[in-house]
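Enquirer: Line order of the protein sequences matches chains A and B. Count along the first sequence starting at 1, add 365, and that's the number in the working numbering. Count along the second sequence starting at 1, add 267, and that's the number in the working numbering.
These aren't lab readings, by the way, just hints derived from the structure by calculation. Do not rely on the hints blindly, as some may be mistaken.
[As the list claims (entries may be wrong)] Covered stretches of chain A, going by a simulated chain B footprint (3 or more residues, C-beta under 8 Å):
id, region
1, 431 to 445
2, 457 to 468
3, 474 to 482
[Unchecked claim] Cβ-Cβ distance ranges computed for the label pairs, FRET-style:
id, chain 1, residue 1, chain 2, residue 2, range
4, B, L438, A, A425, 46 to 52 Å
5, A, P390, B, L423, 36 to 42 Å
6, B, R355, A, T597, 25 to 31 Å
7, B, I278, A, H502, 19 to 25 Å
Yeah, the Cβ is synthetic: ideal placement off N, Cα and C, and Gly gets one too.
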Amino acid sequence: MNPENAIEINNLRCGYGGRDVLDIPRLEVPARSFVAVIGPNGSGKTTLARVISGVIPRRAGSIRINGREDSSLTRRARARALAVVNQNLEVGQITVEEYVLMGRIPHRPPVRFFETSAEVAIARENTRLTGIDAARHRPMNQLSGGERQLAAIARALTQETGILLLDEPTAHLDIAHQVRILDLARRLNREKGITVLLIIHDLNLASSYCDHLVLLDHGAPRFTGSPAEVLTADHVESVYGARVSILPGPYPGRPLVIPLGDR
Amino acid sequence: MSDRRRYRAWIITLLSLLLLLAASLMLGLCIGETTVSPAEVIRCLMSNDPDDTPAYVMRHLRLSRVLLGGAVGGVLGLAGVILQGIFRNPLVEPYTLGISGGASVGVSLAIVFSLRTVWEGLALPLAGFAGALATVFLVYGLGTRRGEMRVERLLLTGVMVSFISSSIVMLLMATTSNMNLQGIIFWIMGSLNETDETLTRLLMITSLASLALTYPYAPALNATRLGMEPAAQLGVNTTRVVKALFLIASLLTGVCVSVVGLIGFVGLIIPRLAHVLVGSDFRVLLPASFLGGASFLVLSDIVARSVIAPLELPIGVITGIVGGTIFIAIAGIGKTRVSS
């Protein structure tokens, strides 16, 4: 066990209805790192997010969060250590401000009915930080996909956790919003020392932003390391079964993956 | 701050609803076989003279009836909003989950097997409650696996249990005597005409207790608006919250149904109205649904007993017609609001 790991997984097996989706001998996310989990559809990326956040049971193995066995953490303690931004955000008629304030739930005594002005101030700070302060009185279901993701990040930051787990935060977003959200994640990582575990489909965004990649294949980490180590044509072709070409890209050590179709 | 303004709006809404309830109760006391003024109502309520017949009727019959209406309406409105919250489905009401079905089977069996003659007035409520209780645990047991509650499963089981019980009731109705048949139909249509004051008092305590027992769950219910998994990721013990609220809401409904029969639509329509009025925050939604349901049932009862006075219409008919119409009207409002 390494106390410097924000998340540490050992011999984890979990899945749905008798079938194992994940079988991870070992996976480490060092504290204050920016790690991406990539992999094909159905390789277990979202299941990984769900098991780390404790919402699905596991068949075997252990997960340590900040060095502590997660079975010894209460739900609330876990929510104070790790905040999750989910892929599908189904929020109804509540305003951005109310939504962001929900990030204080794990810090409150379970039966306290009204938010304090200190809590409102924390929420406000995070709507400013994520750049959605102007929208704070609007209902969540009237926001664009990008604004909704930013609100979700503001809510996660309001939880004031050391670890941020982002599940496909850039899915269905345009390039400008993709950059805006990942720039924000990187800034939080560098300036606030927040550990970011990013689950992402887009290999090039993963390569450009993250220091460390984990390539999942059929529920197990197949290749791990720096973008240049993981994103080789052989690796990508063997996991995805698609022909690709690897280009150097604008930043050293951060290659770009170009899919090659039939020509 | 905007927060303070919001809280003030909540307090004003709740006070208005409280006034509405007080006005409904007063109206219910004024209107009857002989219609009297509010001043006369107050005089009657204060009177201690045992030979004062109007005062006796007021204190023991009318008062009992309007309070019963308020108590039952409050529980049904509250149970509706809670169940819609935990199932995240605006079509769920206490009766969708088979609770009323179970109570009907209990009561029908009691009538068919003439238990009424054994315990007098308490037989039907007890049989109804036993039926409701059996259904609640049946639905709960079938909807839970390895300690995890499956919300969809629970809902489906409830709907199926409803169908099965209404078939059983029809079977009993088809095979029993005409007199028993009438008894069953009369009970199914629902009535606030309960003469046993102990039962009324019991229901009032149950009703107030229902609000006190469920209100502490308001913050957790608020979190479940994000979905069960996101709420769990915020540290809310969603399994425990859903279980506790399901049991509280359905047992309370069972108590009401077993005393007053099937009074539908309150649990469906009142939460919708409350949503339109106060939004989706359960801290205000719970008391608003309680007060709204109480007023709605008291007012419906006034209509039920004055339209063809001195005869009475079944109150379930009034809540169904009025409730259904309002529901459609609100659905229309909702649509225009989305498109604008």
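Enquirer: Against each hint, give a clear statement of whether it holds in the structure.
Expert: Quick rundown of the hints versus the structure:
{"no.": "1", "hint": "431 to 445", "in the structure": "holds (count 7)"}
{"no.": "2", "hint": "457 to 468", "in the structure": "holds (count 8)"}
{"no.": "3", "hint": "474 to 482", "in the structure": "holds (count 7)"}
{"no.": "4", "hint": "B:L438 x A:A425: 46 to 52 Å", "in the structure": "holds, 51 Å"}
{"no.": "5", "hint": "A:P390 x B:L423: 36 to 42 Å", "in the structure": "holds, 40 Å"}
{"no.": "6", "hint": "B:R355 x A:T597: 25 to 31 Å", "in the structure": "violated, 46 Å"}
{"no.": "7", "hint": "B:I278 x A:H502: 19 to 25 Å", "in the structure": "holds, 20 Å"}
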